[in-house]
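Protein chains in written order, with the working numbering: chain A, 1 to 115; chain B, 116 to 230.
The reader is advised that the hints may include incorrect statements.
To be verified - Derived DMTMM-like pairs: lysine to aspartate or glutamate, alpha-carbon spacing no greater than 20 Å straight-line:
hint, chain 1, residue 1, chain 2, residue 2
1, A, Lys9, A, Asp95
2, A, Lys71, B, Asp217
3, B, Lys211, A, Glu103
4, B, Lys211, A, Glu59
5, B, Lys211, A, Asp56
6, B, Lys193, B, Glu125
7, B, Lys229, B, Asp141
8, B, Lys170, A, Glu103
9, A, Lys57, B, Glu125
10, B, Lys211, B, Asp141
11, B, Lys211, A, Asp95
Worth flagging that the hints you see were computed from the coordinates, not collected in a lab.
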Amino acid sequence: NAGVTQTPKFQVLKTGQSMTLQCAQDMNHNSMYWYRQDPGMGLRLIYYSASEGTTDKGEVPNGYNVSRLNKREFSLRLESAAPSQTSVYFCASSDTRQGVPLEAFFGQGTRLTVV
Amino acid sequence: AQTVTQSQPEMSVQEAETVTLSCTYDTSESNYYLFWYKQPPSRQMILVIRQEAYKQQNATENRFSVNFQKAAKSFSLKISDSQLGDTAMYFCAFMKPYGNNDMRFGAGTRLTVKP
């Protein structure tokens with residue numbers, strides 16, 4: 001009963017380094033999301049993928065890229081990390097039934113620090 | 116784009132009492148879905164309650180209920196008989212149905228239940 005699995009759980013990067021956050025879900029959901037959570041700002045949507053093969057920008061996409069590798073996996077890449085990208089990152093997945101959005105399931109989060 | 120506003124960064128309540136968390140949103144859509152998610156210190160996101168805009172009746176889940184005022188674009192969460200385990204961040208979220216699965220969150224309210 002894994003649900004949504006994110007790796008890694010913690011990461012420290014130096015400014016300018018790159019990295020990819022991995023996310024996989026085993027619930028056969030169509031939609032997947034990447035959020036960042038910062039104090040006082042809630043969860044802000046970075047990118048989302050409504051279905052395999054599609055991706056769309058959210059509220060704060062600058063500095064990030066995503067890949068929907070297949071239905072299960074949705075990765076987030078930081079090409080050149082900046083201190084402003086220090087945050088907790090959450091991956092989520094959800095689905096709809098006859099157009100009705102169902103509960104979203106979230107990973108445990110990745111705490112990323114850029115120094 | 117839809118926006119979700121939670122104007123109470125922090126609230127506290129005595130155990131066994133009732134507390135109401137506020138949420139307002141802005142949209143031009145006629146049908147949509149609203150959610151309350153709870154994030155305890157473990158960081159895991161947990162769905163508390165869901166409301167469909169077309170339904171007049173306010174959703175209820177055990178001690179949790181909502182006051183949905185569509186004309187005012189208001190969606191408050193009432194927690195009755197507060198318990199220590201209710202201590203958490205609470206996020207209000209908005210989602211449109213059918214295809215566009217862009218899910219937006221408010222900034223959150225940190226609720227502390229005091230013994």
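We went through each hint and held it up to the structure:
1. Lys9(A) to Asp95(A): violated (25 Å)
2. Lys71(A) to Asp217(B): holds (17 Å)
3. Lys211(B) to Glu103(A): holds (13 Å)
4. Lys211(B) to Glu59(A): Cα-Cα ~16 Å, so holds.
5. Lys211(B) to Asp56(A): With Cα atoms ~15 Å apart, Lys211(B) and Asp56(A) stay inside 20 Å; holds.
6. Lys193(B) to Glu125(B): holds (15 Å)
7. Lys229(B) to Asp141(B): It is violated: about 33 Å lies between the C-alpha atoms, which goes past 20 Å.
8. Lys170(B) to Glu103(A): holds (18 Å)
9. Lys57(A) to Glu125(B): violated (30 Å)
10. Lys211(B) to Asp141(B): Measuring from Cα to Cα gives roughly 12 Å; hence the hint holds.
11. Lys211(B) to Asp95(A): Holds, because 12 Å separates the two Cα atoms, which is no more than 20 Å.
Consistency with the previously given hints fails for numbers 1, 7, 9, ordered from lowest to highest.
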